[in-house]
Amino acid sequence: MTTQRAPSGLIGASIRRVEDPLLVTGKGCYVDDIQLPGMLHIAFLRSPYPHAKIISIDTAAAKAMPGVVAVLTGDDLSEHLKVPVPSIVRGMKIPPQPVLARGAVHAAGAPVAVVAAESRALAEDATSAIEVEYESLPAVADAEKALEPGAPLAHEEFDSNVCYTVTKKGGDVDQAFAAAEHVVRMHIASPRLVAMALEPRGVLASPEPMGQGLTVWLSTQGPHRARADLATGLGFPEHKIRVIAPDIGGAFGSKGPLYREYIVAAHLALKLGRPVKWISTRSEDFLTTNQGRDQAMTSELALKRDGTMIGLKVRVAANLGAYLQSNTAGPPQRMMAMAPGCYQIRNCHVEVVAVFTNTVSTGPYRGAGRPESVLNIERLVDKAAADLGIDRLEIRRKNFIRPEQFPYKTGVGVEYDSGDYGRSLDEALRLSNYDELIRQRDQARKRGELVGVGISTFVEPSGGAGFESGAVRVERTGVITVLTGSSSHGQGHETAFAQVAAEKLRVSMDQVAIRHGDTLAVQQGVGTFGSRSAVMGGGALAVAVDRIVEKARRIAAHLLEAAPEDIVQADGGFAVTGVPEKKVTWRQVAGAAYGRLPKGMEPGLQETVFFDPKREAWGFGAHVALVRIDRETGSPTLEKLVLVDDCGVIINPMLVEGQVHGGVAQGLGEAFREQMLYGDDGEALTGSLMNYAVPRASDMPPLVLGETVTPNPFHPLGVKGVGEAGCNGAPPAVANAVMDALAPLGIDHIDMPYTAPKLWEAIRQAESKKRS
Amino acid sequence: MFPANFGYVAARSVEEATELLAKYGEEAKLLAGGHSLIPAMKLRLASPRHLIDLGRVPGLSGIKVDGETLSIGALTVHADVASSDLARHRLPGLAEAASVIGDVQVRNRGTIGGSVAHADPAADFPVILTALDASFVLQGRFGRRTVAAPDFFLDFYTTALAPDEVLTEIRVPLPSSGSGTAYAKLPHPASGYVVVSAAALVVRDPSGRCVSAAVAIGGMGSRPQRAAATEASLHGQPLTPEVIAAAAAKASEGTDPESDLYASADYKRHIATVYARQAIETAASRK
Ligand SMILES: Cc1cc2nc3c(=O)[nH]c(=O)nc-3n(C[C@H](O)[C@H](O)[C@H](O)COP(=O)(O)OP(=O)(O)OC[C@H]3O[C@@H](n4cnc5c(N)ncnc54)[C@H](O)[C@@H]3O)c2cc1C
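Residue numbers (the working numbering), protein chains in the order written: chain A, 1 to 772; chain B, 773 to 1059.
No lab work stands behind these hints: they were computed from the structure. One or more of the hints may lead you astray.
[Unchecked claim] Now the in silico label distances, taken between C-beta atoms and shown as ranges: (1) A:D699 / B:T1012: 32 to 38 Å; (2) B:D1038 / A:R447: 25 to 31 Å; (3) B:G1008 / A:K769: 37 to 43 Å; (4) B:F914 / A:P21: 57 to 63 Å; (5) B:V876 / A:G746: 39 to 45 Å; (6) B:P935 / A:D699: 40 to 46 Å; (7) A:G67 / B:R784: 32 to 38 Å; (8) B:T841 / A:K769: 52 to 58 Å; (9) A:C29 / B:R784: 39 to 45 Å.
[To be verified] Here are the simulated SDA-like cross-link-like pairs (lysine to any residue), alpha carbons at most 20 Å apart as the crow flies: (10) B:K1022 / A:T633; (11) B:K814 / A:L689; (12) B:K1059 / B:S855; (13) A:K758 / B:P959; (14) A:K551 / A:E607.
By construction, the Cβ of each residue, glycine as well, lies at the ideal position given by its N, Cα and C atoms.
With the rest of the complex left out, here is chain B (with noise of 0.2 Å):
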């Protein structure tokens, strides 16, 4: 509970938080919320030996309106997401994630560019992200460049941030008219954690078949994983209840979750398709 010695930068651009980090290298990292970061450093899992601070870097929060894409700052605080009025009128399912993790301390101060760069494979934002085909804005000391999520999210707590990267921005599609998000979530009854959850986005045409369908499912993996059988078997199919479940039951098909403490296995497996399910109805149900 008491962090290893460390030393302590306000960066005051996202230029100059790059140039920092190339000058200490692995030794420093990068502070945004500190609700990953520090509770890791009290338990001595990291000993950075600086601290970089983003939290004064002007102009890295906020949500808006980018021609199809909403964007979002890396620095906006989970309670930001939760109740945007951008983000639960035209993207409910994230708004949705945002509103279940952790508690209000957590989500007054955790951001949404900490979470996704922290990777942890329990994490809610990853999941919806994923299935909401969103992408990252990387910025380096030599340039930028923007990462769709399939090549963000690596591994356990690995992204594709190089070292002396800065994840400035997400950016997230707009979804057409008709379609709907969702994000359903069993949490750890210690942590609060996803031990599963589930993310939708469904575009309907106006006779109410199912167009297209993202499904993404959390706690599975290293990393969230799509449901491809799942997605498949509702393309083109009207979005009833009997189709919905049908197509869930897919959910975790090439999946090989580990057991834990709380949950085994199996229970995963089974219950990765009971809250795809629910996700997948919700966001059916959502105009």
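In isolation and in its complexed conformation, chain A is listed as follows (with noise of 0.2 Å):
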């Protein structure tokens, strides 16, 4: 397909990446690609020991080699150099955050020296000069036992693990579990991940000349807040920090924070006067960048005999780490808010415990809270049925918020915009032929074979965090430049922006160009997460676009000499209505606006939106997956998976897939075989690609996608995001399965990954329980 179709129609089009055939052919500019005269490279000294006293560092063999231009502790630092964290809950417990560690170090990887040298190989041999002396403390890793009576501290200056404990809510839960026929009580941990984006993180800073400036490129998701984050944690002015995102190799919410190294590498640069490159290894991204998940929940729902859900407890122990990145405390606070999912249970009760342990950080990562909350309604959902002797589907259907109730505040004050749940599900069951599959499901079982089917119905809450950018400028010669907060870091921004300004201005693709990455160039503006694209940078592009058109056709009016009214848009430029023949192009609009314009106009045709809808989208779906267990090894099969989303109205299908394809791909990695593991002690365990399993493209199953539209009614395009949605629905769907395998074992809960040897031993367990 090409960018020059006809504009009409370019909105619900599946048009191929426009970005693509740059980075397919390796021509992408990663940070690591710029290089620049003079520049010094930077290694770091971790801490080896999860908690430790530092009793003394020296740096004088490796300030005495070759090659070697600085080398720094934190004691040399001042004490302001220090990575800004937002008390984003009231009385949170914030730990000192010195960019190299002072005094003590409170996980492995900690940064406690840094070297900047003539090349990174001269500064990881210098690293390895430097002698440090530590005092090994104890340490605690598990949040459910940091917050166990006389457990090591974390922290030695706080008397507790705890950072916070917040609460939500609503109606009465005490009168619902006591007025309850039925109460399912569950405990489900979610394994802790790594976000594994292809590129690690890095940072180029380089001074301007005289200190007068500082310019920085850096593998972020949102340029212009790690601009003011470097600006505060390095006292240096925001505004002659100019932050350039290049091409970024995925980040998946990890690439959000403005972590220490970048705070270092700045400090450096401006401190010696030439530029300073930090690219991390892959062993240092394993211990260094936030990770996600690891929330330990325990949970009761209260439901009438009948499968009515009345009542709703959860208790979270959320694992933060160490350190506090600026959000870390987020994905608690968002498993939180939808912990009733799709589901009208009016009482609830949801605390929070966020946890200080001797591990990596955490913090969002694709789903941020969203799959933990689903994973973990989703379970109790079933198991209900399983224990009311009712079947699932009819237990959803029945508890299911009902599309004639939306806008509908849940059990936990927030307000979901619209949906259609039970259609979803519909559709999920038809496109997977349900009944079929469970007849063959019974039909294995009866053979003895472990065979099961299960379904997730999930919400998908996109957008929130604050406002997004847009503007939007009609250049002289009449191509359009569209500049947007919302920096793509692979999401496909150039293309589906490019649909959506293209078909508004009624001109093709081509004369439109997205750029976005540079905060020289682009207004303030956030950034990429949280599923907030389309919904946040898509709804500024497209009210600056309604603003252009307006004042255009202003202009056009005066050109044409009409009066605005009859003015309508036309392909490329504008007409007189009913005479189309009178007509203006965008260049000649474009002319006028820069050339002679009536007394009252002012010149100049762009537009900047600063949009805040003051409310998230919440898209939902319906997942269906069949699991076949091998009884003898234990191994398990994913044999099909269907996917139904519901993401609005639709810009371009195929980044649609493939957003879903890529969270589903990671939702199945978390379901199937990866988990960050820690000793007791805090020693990371999967500290690297050859322990920690990441899925690969060849161990994908075949995808049945799926969708329902239910425009956003509360959004100028109608749309509602989707980039979480696959690992939000596709693990809670695959432990349903897996559990609806195991159930003829009398088996009712097994903590994600599914790994064949854990099944394995499960189903011995189980058979030996059996024959006893």
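Fit the two chains together into the complex; they arrive one by one in their own frames, and the hints show the way.
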């Protein structure tokens, strides 16, 4: 498909990504591709201990090595250099966050010293010449253990490991549980996951002459936020910093915050007057980049005997790791805000206890609290159905928020805009040939095989967290520049946003350039995370385009000597209504805008919009999974996965499919293989791709994708987000299928990931229990 | 991810390589495909001061029949073993083992000699080569010797190679007609290396009775182990599914695997019997 197709019908067309030809031919430009004259490289000496006092550091030998320009420890740096962490929960504890350790380390991988040298290899050599004496301290890795009385303290200066506790309540939970005819109780833990962007983190900081300014190339999801945090962390004026996000090789949430290495690199660049580069190694990424999930839920669902859900209690122990990044505290809140899922549960009590441990910090990772929440409620619902002997479709349908109830305020006080959960479930059942799957399962069961069918229904909140900006400028020659604050890191903004702008401006896509990722070029912006780009960036763009069209209409009216009400949009410009041959092109309109305009009209043709719909967009979906488990080896096979997603109006179906595929791949990683493990003392046990199993393309099963379209009534384009849908819905569908397969053995819950040895062990124990 | 500084020499002959090994002693390492050595250097688990590259030594790669033996040059890459017609027809188990090593890139660079010299207890070749009774030709400064598999693989990452020796050739006896070979592997979901694997060589008489069997199990200890009890149970028996299953059930006898993060010792002992059965069944079905 070409980008020169007719402008109408662009929204909704499966147009190939315009960014791909460059990327797939190796012509992308990532931070590490940028080489500047006189550039220095830095390497960090990192703590091998999860928790230790630093007794002494000797850098003399490292400083004396040839090619070494500077060696710094925490004591060499001003105390003002620190990672800025906003207090997002009243009273939350914020541990000291020096950019290099001072006196103590609280996680393995914490940077203790930095070396700047003429090459990275020299810098690495010099780090191994630094002598550090540590005194190991007791450490804790597991959030629930960290809450036990007498547990080691992750930070000695605090009196407990609790960072914050927050509660969301609605209705009267005690009364609901008192009135309950059945209560389901479960403990469900979501595994800790590694975001594993293909491109590790990286920064290149370059001072402008005379210390006037600083240009920073950063592998980030949000250059403007990074700039503000860098200004704060560094104590350098924000308006003199330019942050550029070049091509980014994936992030999945992990490249949201401003990490300490970036502050160190910028500090050294200013101090030494030379460009300074740091690119994380994969091993460093394992030890220093925000990880995801690791929430343990203790949950109770109160029901009437007929399956009506009347109350929900959830206590979440959320593992934050040792150090807070700017967004570490976020995902548990997200978990909480969607705890009742798709269901009308009026009485809710959800408590999050966010816990420090001596592990890598956690933070948003694709889903960011959503997958934990969906897993929790969908496992509870399945167990409730099994306990009460009610069909799991029936129990869901009975409790779904109904289409006519929207906008609907849930039991935790959050308003969903729109939805039709029954329709989405029906579509998933239809596409999966559900009755036939159940028949197959039952026959297989009779043969003694372990086969299960699982369902999940879920919401996918998108768009939250502040505003997004969009600027549209018609240039002198009539071509259009879009500046979006929604900085892409692989999602396809250049394609999708061009489709929107081109359709609305009635021009071909190649007349529109989407620019982002440079704080000097783009007005203030936020960035890409939380399934927000189409909703927030798309919304800002749509409103800006509308404003441009209005101004251009008045200019066209002037040029065509007609009343503005009589001017209509035509391909490539404007025409007088009913007189199509009386028309002007965008070039003519722009010529006037930058040339001669009648009195009272402001020159120029540019509109900047800061868009904040003040509400999130709630996408949703239903997934169906068929899993077979080999009884002899425990090995699970996902034989079928059907995914129906509703993200409102679809701008580009191919991009939506891509997002679902990617989310599902990561969701299946969580379900079957991925888990970052720590020893009891905080030692990272799976800090390498040799033992941390990410799914590969060849691990993907065949997928069946379907859709329903429930336009977002509160959005100018009618869109909702979809970036996290796959990893929200697929893991619980798989979990429910695995548990369905194991139900005949009397097994009612196992936590993910479902590896063959784990399932085999569970099967073996269940069988021996049955025999005895 | 950044190796310590090292020097590099491309040897022009095996003799030169052995001279250089003698000269540099402990500080030198031979470099073949680099797919075990370079990762170890990048993690600074190995920091040789000198690399002696075998890659340009002529005559060290290729597969040919030499009498009743398949001769494989030490520098032959995994992909060439996997796709070799000779291997696939005469020793399909060997081609099978080569084809499940790592990924395409690894198979295009890694060499059979490097794999066995490295003697990773989770590697594939040592297992199949143990079942096939292979031997290894080692060339030193003062001569060459041939060492049989049980005497070659000594311990974790330890072989009979002396510090100044180069492995030049792997010799695999070609089985008589009426025999079959096979390899079955449970790969680790992250690394792709062996969790547990089984290799089998089954020799039948015309009636289908087992004349002799060799079964090797990998992943259960510091080096491949022959499943003696399994082999004995097959000996002289008709190769029915029941006989094979009963024999395979003894495949873990005498092993003492370690539990690791992925699989418990119990699981490994169990899965060894499953993969042994699969390997024997496949070998028995091959003509
Ligand atoms: C991502 C990845 C996945 C892998 N997966 C698997 C797998 O599933 N199964 C598996 O078995 N292997 C696997 N490997 C290892 C791979 O097979 C290596 O190629 C092999 O182990 C080493 O062979 P090489 O030619 O690369 O040797 P090198 O790395 O060059 O050398 C390895 C060691 O052997 C020595 N050496 C090499 N050649 C000789 C010689 N001729 N004489 C004496 N000493 C010699 C070297 O000095 C060095 O100590 C994997 C490797 C990678 C990187």
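Verification of the supplied hints:
no.	hint	in the structure
1	A:D699 / B:T1012: 32 to 38 Å	holds, 36 Å
2	B:D1038 / A:R447: 25 to 31 Å	holds, 26 Å
3	B:G1008 / A:K769: 37 to 43 Å	holds, 40 Å
4	B:F914 / A:P21: 57 to 63 Å	holds, 60 Å
5	B:V876 / A:G746: 39 to 45 Å	holds, 44 Å
6	B:P935 / A:D699: 40 to 46 Å	holds, 42 Å
7	A:G67 / B:R784: 32 to 38 Å	holds, 33 Å
8	B:T841 / A:K769: 52 to 58 Å	holds, 54 Å
9	A:C29 / B:R784: 39 to 45 Å	holds, 41 Å
10	B:K1022 / A:T633	holds, 17 Å
11	B:K814 / A:L689	holds, 14 Å
12	B:K1059 / B:S855	holds, 19 Å
13	A:K758 / B:P959	holds, 15 Å
14	A:K551 / A:E607	holds, 9 Å
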